[in-house]
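K.L.:
Using the hints, position chain B against chain A.
As given, the protein sequences belong to chains A and B, one line each in that order. Numbered per our numbering, the first sequence spans residues 1 to 426. Numbered per our numbering, the second sequence spans residues 1001 to 1426.
None of these hints come from the bench; they were simulated from the model. Since no wrong hints were added, every one of them can be taken at face value.
Only pairs whose alpha carbons sit at most 20 Å apart, straight line, appear in this in silico SDA-like list of lysine to any residue:
#1 A/K119 with B/M1400
#2 B/K1119 with A/H360
#3 B/K1069 with B/A1057
#4 B/K1119 with A/A358
#5 A/K340 with B/Q1020
#6 A/K119 with B/G1385
#7 A/K311 with A/A279
#8 B/K1216 with B/L1234
#9 B/K1311 with B/T1288
#10 B/K1119 with A/A357
#11 B/K1119 with A/G385
#12 A/K252 with B/V1424
#13 A/K119 with B/A1357
Residues per chain are reported as follows:
Number of protein chains: 2
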Amino acid sequence: MNAPMQTDHSAQAIMDQLGQAARAAAAELAVADTAAKNRALLAAAAAIRAASAAILAANAEDMAAARAKQLSAALLDRLELNPKRVEAIAVGLEDIAALPDPVGAVMAEWTRPNGLHFKRVRTPLGVIGVIFESRPNVTADAGGLCLKAGNACILRGGSEGFRSSRAIHAALVQGLRAAGLPEAAIQLMPSTDRALVGAMLAAPQYLDVIVPRGGKSLVARVQAESRVPVFAHLEGNCHLYVEASADLAMAKNILLNAKLRRTGVCGAAETLLVEQAAAATHLAPLVTMLLEHGCEVRGDAASQAVDARVKPASEADWATEYLDAIIAVKLVPDLDAAIKHIERYGSHHTESIITEAADHAAEFMRRIDSAILLHNASTQFADGGEFGFGAEIGIATGKMHARGPVGVEQLTTFKYLVFGNGQVRP
Amino acid sequence: MNAPMQTDHSAQAIMDQLGQAARAAAAELAVADTAAKNRALLAAAAAIRAASAAILAANAEDMAAARAKQLSAALLDRLELNPKRVEAIAVGLEDIAALPDPVGAVMAEWTRPNGLHFKRVRTPLGVIGVIFESRPNVTADAGGLCLKAGNACILRGGSEGFRSSRAIHAALVQGLRAAGLPEAAIQLMPSTDRALVGAMLAAPQYLDVIVPRGGKSLVARVQAESRVPVFAHLEGNCHLYVEASADLAMAKNILLNAKLRRTGVCGAAETLLVEQAAAATHLAPLVTMLLEHGCEVRGDAASQAVDARVKPASEADWATEYLDAIIAVKLVPDLDAAIKHIERYGSHHTESIITEAADHAAEFMRRIDSAILLHNASTQFADGGEFGFGAEIGIATGKMHARGPVGVEQLTTFKYLVFGNGQVRP
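Okay, chain A solo, but in the shape it has when bound:
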């Protein structure tokens, strides 16, 4: 039992070194002007393009090792880079440069009767830890977003993509250097030792927030063990509820998109609820459409009566995030029952109601405690880009501060500025 202890000690030493450097960099970044941050982002994009061959070579080594380990095709796809994907990484950094700078923005402003004038302004969070798995592009996306919001970051990539991440990180550091910003603004953990994850979770003195980017087991571990606040969602068990007043063509179009546009994203619909009054009009066309598009349907008795291909749903199905071409379908008596079902089985991520009754949509939105609620639109709009945030580092279901897509604005906090002319408190 000696080895883990030694590993932990050395992980702590690495965390101390990177943490102290990050804190110093964060102090500089917090007051860096927008032009410098954008220069760094654009220089990093140029460096990514210039280093494309080196990045692809590093990625080829990662891919060879991953194939040797017989990792899954899905993981290999997430890991793989090609010239088009490298170009997309560079464009992503340029897109972040084009976003407005949130730091210093006045969120609210008011004057008190005694003449004191108050401003609530955005400030960076400080240092952000990002723990990700196999996608090498997260190195640039996360690093760029943190930088734009005036934060230093410490990135910890998964072992599969470590060589790729290191090559991308080198380009980011070139960008920082070109803009005269501290190189420690974006640091990559120097190894993929798992003890480094533990050291990050135990480092509130160095990290202001941690963003886990990866599968459910990673997010669950981070949420359970972190002493640092976390921006994350564990699951996206998203619901689509169709009322009898819904336009059927609209409902079909939205359901098809919400379930099948991409099945592996957190905003994909996992359960379809249909109002009892729509049993004769909407249920069969919706279920049949799903089956015809190759979606497995697991339904209650009413749904099973529609088509022999519908499998019986178990209790577990209502609580399952399939992330696959599978959907659970249930007839519910009314809006109240739909809301109660979602509050019971949902994950407070994203839910949509399809209805022509505006008062029902309002009640659905008022009573359900999820980060994102939609009316007559697809759940797959749960995305920072679709919100107009430009880019996102993740989607948060926690209630503190960041909820929903976490873009550059959500990577900031605020402080109060108060302007007087000699006021003292009576």
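P.N.:
What follows is chain B alone, placed relative to chain A:
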């Protein structure tokens, strides 16, 4: 070692019971309308007045027990109720009823090119745990603020004031009942068993945030041990920095107020920094004024040269929150040195600059990472009432979500509402 284990088991059983009741109440409260919440607050105020004799009798028992235990005069003062203080508790509830309801307020609103319309609206946080010490009025203040923001709360009062808190809590429950709101909206822990604090800190499934109201040791324990997010500040080591361009009369007036209006509040100034260029003009009048008002001054060499009564400051003084009529005084070369001193020794709570140079004030405010920064005004304005928030449950120095005075608005979070007419994601 058997007894503590048994205590913990029973504490967990109590936490489970109160936590489940609070979650159920929170679901009702989240959608309670403003009128019902205000009815409950006004009925609670009336019940406080009607139960004044019972509350004072309970408080007399608490006071007798506290005197028997020979508790300090300061603690006895915090514990004691009298008819005027009971009336102030009732008025406090009426003031909270008069505040605008933050729930449902639209924080931001925008439309995307595809026609999707987004709203970011305020929602309650859920269930709030409040851990307080001897002041019985916190029962009503905290319970009332949580209720107004649509949150259920679980209150854990200190043993000294337990009888008083129980009597006040009974009146709050009468108010809830009168308004048809769930009685579990405001629950008081049924005993002052210390294991109950531990059970609260370990209950993220029941509590969305914990607010510790009390001394530094309580806050330190909660911050170190809580698995639930915390709204708190550990210290208010607040600074006043006076530049040579400062109007001397204004500086004296503000300093007197910032240090001595009340010395025991978190917004009291603890260190005075004076710009080197003001050594001949401002330092002596400011130090002399403090001494004449009975304030102990611990200074650097320049301050000691002003008056023989000035004691030498040690390194520890720069980092000390005295909460007493004591101040540390130091001459600093310039604005940059003042900022660096504050970032090194401060607690990120509240700092004020007295200057006629607007650009210096702007730099002070931009570079210092504290929740509240003032220009030409007293640090003692660090208070929710003075901010115009009507009331506060505390002041937070954390960066997540709530920072500065935590009023009714800060006891909420938000969700996104998205309105479409059939949009699907390309």
